[in-house]
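Peer 1: So that you can map any letter, position 259 of the sequence shown is 258 in numbering that gives the first Met the number 0, and since no number is skipped, the others follow by simple counting.
Keep in mind that the hints were calculated from the coordinates and are not lab data. Among the clues, some could well be false.
Subject to a maximum C-alpha distance of 27 Å in a straight line, what follows is the list of computed DSS-like cross-link-like pairs (lysine-lysine) [stated by the list, open to error]:
(1) Lys60 / Lys177
(2) Lys225 / Lys145
(3) Lys177 / Lys145
Being a predicted model, the structure only gives us computed values, none of them experimental.
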Amino acid sequence: MNKYETGNSALKSWVSFLTVLFLGIGSFSVFLCAMDVRRGTAGLSAAEAEQTQKLREELAKQSGRIERMAEALRPAQGPGLAADAKIWISDLGGIHPRTERRARIPGEKRDTSPARGKSARDTSSPAPDLQTLVGELDNFSAGVLKLARTPADRQLTVSISAKSEFYAAQIASAASLKRTAPDVSPEGLGKRITDPRTVTELDAEKQEIEQIAAALPPAERGNLPKIVSALEIMADDALKTGLEDRRIAQIPPVRADTDPFSEAAGTLLRAASRLADIGGRRRFGVFIATYLIPAQKTAGATPGWEPRPQKKPKLK
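Work out the full structure, taking the sequences as your base and the hints as a guide.
Peer 2: Take a look at the structure:
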């Protein structure tokens, strides 16, 4: 082999080596980006990603404490609380010692396996009693709203906050416990609505509830008139801000399989997801807890979020 052949062979070897090297670097970079997106921290600095993950884990731990207290106390007004808290653990990402940075992306398929729920166990629970449980639920209702990096985060956490608020109110009322109740009035909420489609949807859902109420004897209508009035106040207040009025004068007859209370909860979650301030999102969550969850056929752990209510024909 002459010197030229030797040189060509060496050159080919270097080219092959560099090609493999660049391909490896590229593949590793794609892998890192995919992992970043999966954790829901894409676009964040290292410090911000760490803070977001820490918040998810702390909220999952708090859900674990609520789950264990509910299992121990079995409150009559919250028979589904332990099961819902276990789902919240999964929705918030859980705690995975072997993959410390794994956090669930809102909207990703939920994993409610025992192993995942167990991963968020926290042994620092206070002594279980109903007053402590109500306080934990109140703190959780407010704290979960801090997870608000994306609209999907905000929709999910307002839904969780609403169900936690619902349980706190029900348990405190049944046991005559001391509790600082949040503002449950609909006044002022409409001013926080920024999309005219929200008003259109709320008004359609209000009309559906009116139809349901009209088909019942007056003695069996319960809180339905109160819900109708609250939704009407909210829609009117929103229109007073200058939003375009796209309400439909008369909607089709409501179907038997329709749950307008769940649909209204979903509408308000979308409205809340557009708000940057926690106080505004908290007000929407309290409204859902007070007016809509008690009337829903099946509220689930995340009312209005997942499973999503059946969609009505799109409103223009």
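Peer 1: For each hint, tell me whether it holds in the structure or not.
Peer 2: Quick rundown of the hints versus the structure:
1. Lys60 / Lys177: Holds: Lys60 and Lys177 sit about 25 Å apart, inside 27 Å.
2. Lys225 / Lys145: violated (31 Å)
3. Lys177 / Lys145: It holds: about 25 Å lies between the C-alpha atoms, which stays within 27 Å.
Going through the hint list in order, the structure does not satisfy hint 2, though it satisfies all others.
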